[in-house]
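Participant: Required output: the full structure, derived from the provided sequences and hints.
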Amino acid sequence: MIRLGPRLTVISGAFGTGKTEIAINLALQLHAEGRDPVTLVDLDIVNLYFRSRQKAYELEQLGIRVISSVEGMENADLPALSPEINACFDRKDGPVVFDLGGSDLGGTVAAYLHRGFASEPSHHWLVVNPYRPFNQTAEATVEMAERIAARARLPITGMIANPHLINETTPEIIREGLARVREVTRYPLMYLSVMEEFYVPGAFDDLGVPVMVISKQMKQPWEPGGIMMAGRRGKRCP
Amino acid sequence: MKVLMKGNEALSEAAIRAGATLYFGYPITPQNEVGEYMSRRLPTIPGGAYIQAETEVASINMVYGAVSTGRRAMTSSSSPGISLMMEGISYLAGAELPAVVVSIMRGGPGLGNINPEQADYFQATKGGGHGSYRMIVLAPASVQEMTDLTVLAFDLADKYRNPVMVIADGNLGQMMEPVELKDSYPNNYDHSAWALTGAKGRKGHTITSIYLDADEMEDYIHKLYRKYGEIERVETRHEEFLTQDADVVIVAYGIVSRVVRSAVELLRAEGIKAGMVRPITLWPYPKAVLRKLAETATFFLACEMSMGQMVEDVQLSVEGRRPVYFYGRSGGNVPTPAEVVAAVRQRM
Amino acid sequence: MQKVFERPKSLNDRPFHYCPGCGHGIVHRMIAEAIDELGLQDRTVFISPVGCSVFAYWYFETDNVQAAHGRAPAVGTGIKRANPDSIVISYQGDGDLASSGTAEIIHAAARGENFTVIFINNAIYGMTGGQMAPTTLVGQATSTSPYGRDPKFAGYPIHVSEMLATLKAPRYIERTSLNNVANLTRTKRAIKKALDMQNKGEGFTFVEVLAPCPTNWGLDPNESIDWMESNLIPEYPLGVYRDVKTAEVKS
Amino acid sequence: MTYEIILAGFGGQGILFLGKMIALAGMIDGKEVSWIPSYGPEMRGGTANCSVVVSDRRIGTPVVTHPNVLVAMNRPSLEKFESTIQPGGHLLINKTLIEIPHTRQDIDVTYLEITALAGELGNPRLANIVALGGLIGRVGLVSRDAVIEALKKELSGKKAALLDLNLKALDAGQQAVLLPA
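Protein chains in written order, with our numbering: chain A, 449 to 686; chain B, 264 to 611; chain C, 62 to 312; chain D, 27 to 207.
Heads up, some of the hints might be wrong.
Once the Cα atoms are required to be at most 30 Å apart in a straight line, the calculated DSSO-like pairs of lysine-lysine come out as [as the list claims (entries may be wrong)]:
#	chain 1	residue 1	chain 2	residue 2
1	D	K185	B	K445
2	C	K254	B	K463
3	D	K185	B	K265
4	B	K445	B	K265
5	C	K253	B	K463
6	C	K306	C	K261
7	D	K178	B	K265
8	B	K466	C	K249
9	D	K194	B	K265
10	B	K466	C	K254
11	D	K179	B	K265
12	B	K466	C	K70
13	C	K249	B	K463
14	D	K178	B	K445
15	C	K70	B	K463
16	B	K466	C	K261
In short, the hints are calculated from the structure, not lab data.
Since we're looking at a predicted model, the values are computed, not measured.
Facilitator: The following block contains the structure:
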């Protein structure tokens, strides 16, 4: 289901395009396909809210390795990058998904690891939601993408179209959004991601792009199973 | 022996005699006498220090540093300056440090004027700073109380490891009345378990207000609120004047309570059964007293030198059982007894 | 066998939370060594600021206090005035010291407060995610100067050591760097000298340390050193900016 | 008895000191007292006034709005406060500086050459003490002994040399109001 060539996949994009959702779902699907050990690296030092690390407890229960900050610092608004991050380049034992922080400044952190990325091939997939600022036109999307690539020192190798308006998403919204993402011709389109609630088998077969069905991970605190800022004890909404 | 002192001087001398020989502040009218008095007295006292800070922001943080050594220290200011101290007050509450802040209110908002007002009630009692915290707020009504409540403020601060504010208006700061001061006031609090005095022969102490984990932070806030609950139970203070048979209960604090006392006498002379409740602690607020009087009184009148701030606590206390009216003056105008009498008559 | 690498007594064994290649851990160790060598551990009160070193108090086996953003020199003033026998170290970054706390540092220096300030200048905000600092270089891209710091809009970097050196009260001001072994040695020497002066009651001492922030600079640790040498140090020349006994100033 | 006093005049006429002496003397007499200045910007030049209350009972409001004793040291003070005096109250007018007559008929009015008498003693700044003499001579208010004790207390140390002159000013004011007009 996941067309994985290189072992390393970097997920980036403008703020709020759905990078973290995609990164976690990618890790979950790789795990479901038995490509263990799967590692998810949260490099988001930009925004404390809605980061992969908040799912760390559940992912680790499944056997997915999550690397973010130095232990105990997951809730601090400090970079505190774990030295363990370098280890995932050295131990070549399974797929690694890197969740970069939003926009070009999120990319900066990847640059810090550029020696690691130079040591083996990697995907660098840009998540595009044409309903978000900085993604609304092809020009804006490319401009942001090139900034990210430059700051991360990693050329973009593909796009994941993630057109949605959260709960107001409809099949039309998805189709129209995909068409707008396709106006970006500089990078190959790898996947169309569709939230499971809006996915009907076969409904998007005519679009000529593999569909990645994702389940919402980063839920609001008031939603069942929503994410609290609880960190270590991994408290969930009742 | 009684001496004739200005409110600002009296509270300063009381603080010194309570052992607070460290003062940090920045000039602002109408509380300049505090800094002036301290700058004269403290350098002559062994271990005493007076610093005119660069800002009120710095003053409150100097207090934060000084009290973290376990010693008594204070600052004072007036409305705009107290606004600047709110960050530091929140940190003091968060780090559970004892400190006394004196607020001599003036007119506002903005630069306003230097006339007396009581419009910083919300600022003092409802937060003002950030986060879930409470500050004990004491409201003297005479120069004698400026001294007594300042001494009490240091005791409460030490007892609960919490910032305490003494709040008064410009009148109380500026007026002179005879006061009686003791030579010294006891300070029996032992802070050696946490004070920063150098880690000689023990593990290092740390003073901080950071709790990264949501659950740890919540546990800590709950701990603070258990303390606040205890303070509400034990430390609520008020004064009643002719309330036993009162149909009309006038609620006023600070200087306005003096006006209201005169008004109550005038009303009684006219045959109107009026009485007064004067909150001495503005937080914790004497809710239970007002709640009880709501069973017998006809109505309540809150009287303030503001556009109505404490009146909301009267309403909360009375819980809708009786009408609560408001009479206030602002800009530096002090209500007169005649005005208060008229305000009561209008509601009869 | 001789032990060549020993943990200072004033530092505990908790692993640092800093990113690999960060300068904070190195300076923490130097401070702890200086405290040990001067025998000041049981009199030291260490002030942690707001910034990446907000948790510096996790590591120092001394008394510790955490201060609000920029306010450490005011807190230090309070501690030192309340207890002149204590050794007070205010440890601050560039956002804390040169932006939010500009008033506090200038006035503490102007009063000649007898404590030591260690100022970590890495020309960027580490904690909040690589935003522009008052010490960010012209042209340097950060998350809030994405096109590079443009002096037309954002002005020019603040040179704190030079500025403080115009005051009469400070006893000692030096800028050092962590870019090579010689400068590491100089930094350690400067920190020790500052603490020694404080111990002797000589007045306000200030050591500015140019330090790398690879994570937010978007460079690996080696490149960070190169960037310091080609960009940071030319903007912020190293050296002693003031070394005058107060008595010599009085005239 | 409760005296609710407003003392008003120019900045520099020693209004606040006058108030303080009354309050101090009242305290020495064993009365309840309060003193409160109008501490606004007018303190820095222009007019100055303060409220003093001397009473046998606990003092309610220390801010006097309707005095039963008014000392008007200059014309704006008379114009501003005459209408606020309680019926039957006392008004002391500094005749040297106020050329207009009073208008109220329901109060007791005393004209006194306050500034001129001070000038005769060689220092116009003694006007406040001359006024104090006038007040104790005409209204009573506080005892003469208490005033002298208060002056001694206040004029001690470096200021002790001024005591004699102040006592002379006090006498001058007191005697002038006792003389038939």
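Participant: Hints the structure violates: just list their numbers, smallest first.
Facilitator: Of the numbered hints, all hold.
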